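K.L.:
These are the residues of each chain, in order.
Protein chains: 4
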Amino acid sequence: VASVASEVGIPALKPRPDDAHKGDFGRVLLVGGSRGMAGAISLAAMSALRSGSGLVTAAVPETIAEVVAGFDPCVMTVPCRDSDGHFSSVPEDLKQQLKVADVVAIGPGMGREVDRYFLQAILELSQPIVIDADAIHLLAETHSMIKNRKSATVLTPHPGEFSNLANTEFSKRGEMEAAAVKFAADQGCIIVLKGHRTLVTDGSREYRNDTGNAGMATGGSGDVLTGVVTSLIGQGYDAFDAAVMAVHIHGRAGDFAAEKYGQASMVASNIVDSLAAAFKSHVAVGAEVRIGF
Amino acid sequence: VASVASEVGIPALKPRPDDAHKGDFGRVLLVGGSRGMAGAISLAAMSALRSGSGLVTAAVPETIAEVVAGFDPCVMTVPCRDSDGHFSSVPEDLKQQLKVADVVAIGPGMGREVDRYFLQAILELSQPIVIDADAIHLLAETHSMIKNRKSATVLTPHPGEFSNLANTEFSKRGEMEAAAVKFAADQGCIIVLKGHRTLVTDGSREYRNDTGNAGMATGGSGDVLTGVVTSLIGQGYDAFDAAVMAVHIHGRAGDFAAEKYGQASMVASNIVDSLAAAFKSHVAVGAEVRIGF
Amino acid sequence: VASVASEVGIPALKPRPDDAHKGDFGRVLLVGGSRGMAGAISLAAMSALRSGSGLVTAAVPETIAEVVAGFDPCVMTVPCRDSDGHFSSVPEDLKQQLKVADVVAIGPGMGREVDRYFLQAILELSQPIVIDADAIHLLAETHSMIKNRKSATVLTPHPGEFSNLANTEFSKRGEMEAAAVKFAADQGCIIVLKGHRTLVTDGSREYRNDTGNAGMATGGSGDVLTGVVTSLIGQGYDAFDAAVMAVHIHGRAGDFAAEKYGQASMVASNIVDSLAAAFKSHVAVGAEVRIGF
Amino acid sequence: VASVASEVGIPALKPRPDDAHKGDFGRVLLVGGSRGMAGAISLAAMSALRSGSGLVTAAVPETIAEVVAGFDPCVMTVPCRDSDGHFSSVPEDLKQQLKVADVVAIGPGMGREVDRYFLQAILELSQPIVIDADAIHLLAETHSMIKNRKSATVLTPHPGEFSNLANTEFSKRGEMEAAAVKFAADQGCIIVLKGHRTLVTDGSREYRNDTGNAGMATGGSGDVLTGVVTSLIGQGYDAFDAAVMAVHIHGRAGDFAAEKYGQASMVASNIVDSLAAAFKSHVAVGAEVRIGF
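Chains as they are written, first to last, in the working numbering: chain A, 1 to 293; chain B, 1 to 293; chain C, 1 to 293; chain D, 1 to 293.
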């Protein structure tokens with residue numbers, strides 16, 4: 001498919017030092033949510049916590065702050081100024097949190113009614129960022145800014161979002177993947193092109209995932225992935241490694257959920273609950289180095 | 001009982017294609033709820049998700065939007081204009097959602113204080129619809145509209161609701177069933193007449209269910225059924241097949257719940273939680289073709 | 001202790017007819033709650049559902065309606081006019097619900113800031129009622145009204161509440177029990193005097209419970225009992241039988257919870273969750289007739 | 001490290017008398033929370049209930065009262081006057097609760113935007129108190145008041161909080177521990193210096209914990225510890241004994257959680273859920289007397 005040969009292993013999970021404290025695993029800030037879609041950012045936050053982060057904060061429009069806070073007592077929230085259930089244009093309430101975060105994700109459940117200046121403020125951060133869901137649509141008009149970012153940028157589009165981003169209708173998965181590799185190379189970012197065999201690429205390397213199943217084609221599944229990849233970046237993994245490991249673990253968690261609930265009945269929160277089993281089994285096998293996917 | 005001979009098999013569950021995405025399993029819109037009855041529409045939505053739908057949205061009066069959103073992070077909501085905890089007359093806030101939905105259900109927990117124009121707007125949709133609970137009472141005055149609908153209409157009355165709809169007091173189950181068959185034939189709809197041995201009829205075919213138990217005589221049990229049947233229609237099953245399969249699976253889930261919690265102590269959310277086991281066992285046996293119930 | 005000989009068996013659980021519908025198990029209305037004590041009435045409602053009732057409604061001050069509704073989608077609520085987080089004086093919002101309920105309980109989490117006219121309206125109902133917790137304190141000034149009630153009245157005081165009701169400090173459990181028997185005889189009511197070996201008396205019969213453990217000395221445990229006894233009355237059990245069975249089952253559920261979580265760590269919601277096991281084991285042994293406790 | 005020899009056993013859990021009632025295990029009042037950090041005080045309260053307390057109340061800014069109340073129906077709340085999501089200066093709403101509480105904890109999720117007079121009012125109580133998290137930062141300016149308290153004062157700083165309290169940057173854990181022992185001796189309080197091997201000291205005795213793991217380096221873990229130690233003090237354990245037992249049990253619960261979910265995926269609510277197993281296993285081994293840690 002792509003012209004670039006690749007050889008990518010799934011990184012091993014780093015052991016947690018005995019004398020670690022919660023700050024050692026990164027401060028994760030997840031920005032998203034809107035009235036009617038409070039669950040998406042909550043799933044991302046709960047997933048980040050269950051991927052090893054010690055401090056996870058969800059920044060959300062204040063209308064939904066209580067719903068998000070109610071899902072999990074371990075997630076902190078930043079209620080932000082609100083315009084009819086969406087973020088208002090400038091994230092004033094986030095200034096302090098944006099300063100201290102080690103990684104920032106934006107997009108889950110955010111809706112498209114958000115001002116592009118809001119996304120721009122995130123893009124201008126010096127930390128690594130993850131861009132997902134509706135934020136990818138917002139980005140579609142403005143992606144030139146990615147190239148100038150000072151640290152890693154991970155985009156996690158599903159095919160529809162990538163088509164919009166590339167401003168192209170693709171008739172074959174292969175063409176879309178080739179475009180994704182090119183986009184990543186051109187923009188200096190990492191693309192996680194979701195689908196049956198999710199592709200992770202930084203423009204020179206490619207990883208195609210072999211875990212997961214069709215039961216994961218359910219609302220919220222992508223938000224879980226966003227939480228996992230953001231968490232791993234916050235823990236200090238290289239962004240490409242983090243994306244590869246996240247995609248692999250996410251699929252594995254989905255496989256555990258399918259085993260327990262069946263593909264038809266499993267829901268995204270079952271994937272969250274299965275992250276523990278997925279990480280445990282990943283620790284058990286250690287780093288798997290694979291050649292020529 | 002009825003004059004029509006029938007031979008109905010329970011359809012098999014279609015496998016999920018490996019490269020499926022969440023949109024492939026239909027956009028389900030469930031309309032209902034009112035202050036004091038937020039749980040009903042929530043149970044329906046959670047059940048739809050656990051029946052294979054990838055995208056499930058509950059449209060509810062905005063007073064209860066946060067309660068509904070808080071039950072399950074995988075359910076999306078549309079908070080609608082509100083009149084004292086009930087939908088106000090015209091579902092303006094729903095216009096966009098009604099346009100994109102593949103199937104719409106209306107009724108669970110809606111209460112009877114809703115303007116009939118609200119129901120009428122749903123009846124005029126071109127998609128298949130499912131009408132349950134209080135929406136059936138609203139329909140009782142206006143059922144002539146069903147006949148002119150362009151796609152499938154499924155009604156899921158319990159005996160009291162059907163009596164109201166047929167404007168008749170029935171002294172025997174048999175008489176009520178015969179009237180249900182006639183009603184379905186006359187109106188060109190599918191009737192799911194709930195009870196000990198739930199009847200599904202489209203006026204020419206009849207299916208009598210043999211799963212389920214008296215522990216399912218508990219508030220919310222019918223809302224779960226609404227969620228399952230709506231989900232299956234959204235996944236592209238023929239509406240009659242969907243109703244048959246839903247009734248069968250719902251009863252099976254109830255049987256799993258009774259086994260675990262006993263008939264006295266089981267509650268409707270236990271049925272929701274047992275849908276996974278019910279669908280898994282249904283997959284295991286495959287399509288069961290039965291003759292002459 | 002008491003001068004009355006007694007011989008009381010624990011009633012068996014009636015089987016649920018195959019063709020039952022949710023209305024056949026009674027409409028239960030539980031009135032209580034206040035800001036800061038939303039959990040109590042919620043525990044009572046969740047317990048009533050898990051004791052076999054098909055339709056359970058919690059009537060609560062509207063400030064807490066969303067919290068109560070959020071605990072369990074199977075519980076319905078009636079948000080009532082509110083005075084600083086407590087019921088305001090006359091339960092106008094309850095009129096319809098009070099008319100259709102088969103049994104009404106009042107008290108859990110209600111607080112003492114409630115107008116006595118509120119309690120009086122409940123006492124004047126023609127249905128059986130259960131009076132618990134703060135409602136017993138309110139009753140302490142006004143108990144003459146019990147005698148004139150037309151149907152069963154069950155009071156479920158703990159020792160402090162009974163002391164207040166009897167306007168007496170008791171130095172020994174025996175004296176208190178004797179006073180409870182006399183109170184029940186004088187007022188024509190049933191007293192459930194909670195404690196290590198809970199006493200149930202109607203003034204002529206006495207039942208002393210032998211299930212339960214000290215882990216049940218935890219906030220909310222009494223609210224669970226209120227839910228169970230109210231549910232059983234709503235299902236048509238004689239009020240004294242219902243009280244005996246409820247106390248027995250409640251203790252048994254507490255024993256299951258203690259076995260699982262230990263006496264120190266078990267909480268009232270664990271007792272709710274153990275009601276299923278308690279009812280199942282009660283069904284298994286059938287009616288136990290015991291002589292001369 | 002410290003100049004004081006020590007010999008400290010982990011106290012056994014006192015059995016619960018058969019005729020106990022919920023008031024016998026102490027009235028616990030936990031003061032904390034702020035908008036965005038409702039989970040911390042909730043975790044503390046849920047932990048106190050699961051450590052044997054019968055009556056646990058969380059006093060919180062009223063903005064978050066419903067979120068806190070929604071986590072666990074067994075926790076009572078006191079919604080307090082609010083200034084932009086934080087406690088306003090004087091805890092008027094708490095007066096009655098402060099009077100009846102057997103022990104008061106302050107700090108979890110409180111934020112630093114709280115007026116120092118608020119903390120001062122707690123310090124002036126005659127009951128034992130536990131000071132955690134942000135309240136320790138507030139204390140840093142004002143710790144002279146501890147010395148004059150009439151009952152036990154337990155401080156549970158993590159290293160950053162202790163550095164702030166001692167107004168010193170420590171380069172080695174040993175130096176910090178020595179300073180903690182001195183601080184405890186000087187101020188007449190008990191210090192729980194959290195970390196890999198948590199130190200409990202009253203200035204003359206020292207206990208170093210050997211349970212727990214790096215999976216506990218996750219947000220909310222410390223709040224759970226606050227709940228456990230406050231609960232045990234409320235049950236009448238000597239404050240130093242309570243702190244030792246709490247630290248030991250908390251670590252053990254964390255070990256159970258790690259076993260089940262793995263160090264990466266475990267979250268603080270898993271520790272809460274594991275308290276039951278930890279207390280049960282502690283009861284099983286009885287008091288462990290250890291010499292010369």
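By construction, these hints were calculated from the structure, which means they are not laboratory data.
As the structure is a prediction and not an experimental result, all values here were calculated from the model.
Mixed in with the good hints there might be a few duds.
What the hints assert, rightly or not - The calculated DSS-like cross-link candidates involving lysine-lysine, where the alpha carbons are at most 25 Å apart (straight line), are: (1) D:22 <-> D:280; (2) B:260 <-> A:260; (3) B:147 <-> A:260.
K.L.:
Evaluate each hint against the coordinates.
P.N.:
A quick look at each hint next to the structure:
For the given pair, residue 22 of chain D sits about 20 Å from residue 280 of chain D by alpha-carbon distance, which is consistent with the 25 Å threshold. Proposed proximity of residue 260 of chain B and residue 260 of chain A is supported: the alpha carbons are some 17 Å apart, at most 25 Å. Distance check on the hinted pair: residue 147 of chain B and residue 260 of chain A sit about 43 Å apart at the alpha-carbon level, beyond 25 Å; violated.
Of the numbered hints given earlier, the model fails hint 3 alone.
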